[in-house]
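Using the sequences provided together with the hints, build the complete structure.
Throughout, the working numbering is defined as the position within the sequence shown, counted from one, plus 31.
Worth double-checking, as some hints may not be accurate.
[Unchecked claim] Distance condition first, Cα-Cα at most 25 Å in a straight line; then the derived SDA-like pairs of lysine to any residue: (1) Lys84 / Ser94; (2) Lys111 / Leu121; (3) Lys84 / Val100; (4) Lys113 / His102; (5) Lys113 / Pro54; (6) Lys111 / Val92; (7) Lys110 / Ser94; (8) Lys113 / Gly56; (9) Lys84 / Ala36; (10) Lys113 / Ser46; (11) Lys111 / Ile34; (12) Lys63 / Thr119; (13) Lys63 / Ser96; (14) Lys113 / Ile90; (15) Lys63 / Gly86; (16) Lys84 / Val106.
Treat the hints as calculated values from the structure; they're not laboratory data.
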Amino acid sequence: FCISAKNWPDGLGFSIVGGFGSPHGDLPIYVKTRVHPQMPPHRYKHYYLMRLKRGDQVIAVNSQSLEGVTHEEAVCILKKTKGTVTLTVLSIGFPCNLPKTV
32 FCISAKNWPD
42 GLGFSIVGGF
52 GSPHGDLPIY
62 VKTRVHPQMP
72 PHRYKHYYLM
82 RLKRGDQVIA
92 VNSQSLEGVT
102 HEEAVCILKK
112 TKGTVTLTVL
122 SIGFPCNLPK
132 TV
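Laid out in structure tokens, this is it:
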């Protein structure tokens with residue numbers, strides 16, 4: 032699915048894990064956590080976070096593929112976005128070989 036969202040000054044509101052060359056092997060980029068996981072959905076200022084969940088794979092940012100990028104490259108791509116950001120996401124959950132504490 033695709034999500035369009037405003038990139039707020041304090042970020043997009045979620046963290047990522049994975050990437051090419053990660054300590055657990057070459058992995059896609061996954062949503063690790065939402066910034067406020069205990070906050071009720073109606074309180075999110077980042078309304079699109081209601082659709083994102085831990086383990087969703089982030090495929091692209093503004094049509095720029097995240098396939099084969101390192102974790103650091105993915106973070107840079109996400110941080111450099113301005114204005115409205117479109118995320119292409121595959122909702123599959125974490126693969127069983129990826130530790131939850133990564």
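* Asked: Between Lys63 and Ser96, does the CA-CA distance stay at or below 25 Å?
  -> holds (18 Å)
* Given the hint that Lys111 pairs with Val92, test it: the Cα-Cα distance must not exceed 25 Å. => holds (10 Å)
* Hint consistency between Lys63 and Thr119 [alpha-carbon to alpha-carbon, up to 25 Å] -> holds (16 Å)
* Measure nothing beyond the straight line between the CA atoms of Lys110 and Ser94; if it is 25 Å or shorter, mark the hint as holding. => holds (15 Å)
* Are the Cα positions of Lys113 and Ser46 separated by 25 Å at most? -> holds (17 Å)
* Asked: Do the alpha carbons of Lys113 and His102 lie within 25 Å of each other, as the hint requires?
  -> holds (20 Å)
* To do: Take a quick look at whether Lys63 and Gly86 sit within 25 Å of each other, Cα to Cα.
  => holds (6 Å)
* Would the pair Lys84 and Ser94 pass a check requiring their Cα atoms to be no farther apart than 25 Å? -> holds (20 Å)
* Asked: Straight-line Cα separation of Lys84 and Ala36 no greater than 25 Å?
  -> holds (15 Å)
* To do: Take a quick look at whether Lys113 and Ile90 sit within 25 Å of each other, Cα to Cα.
  => With a Cα-Cα distance of about 18 Å, the restraint between Lys113 and Ile90 holds, given a limit of 25 Å.
* Hint consistency between Lys111 and Ile34 [alpha-carbon to alpha-carbon, up to 25 Å] -> Roughly 17 Å between the alpha carbons, so the hint for Lys111 and Ile34 holds.
* Quickly compare the C-alpha distance for Lys84 and Val106 to 25 Å and report which way the hint goes. => holds (18 Å)
The structure shown violates the earlier hints numbered 5 and 8.
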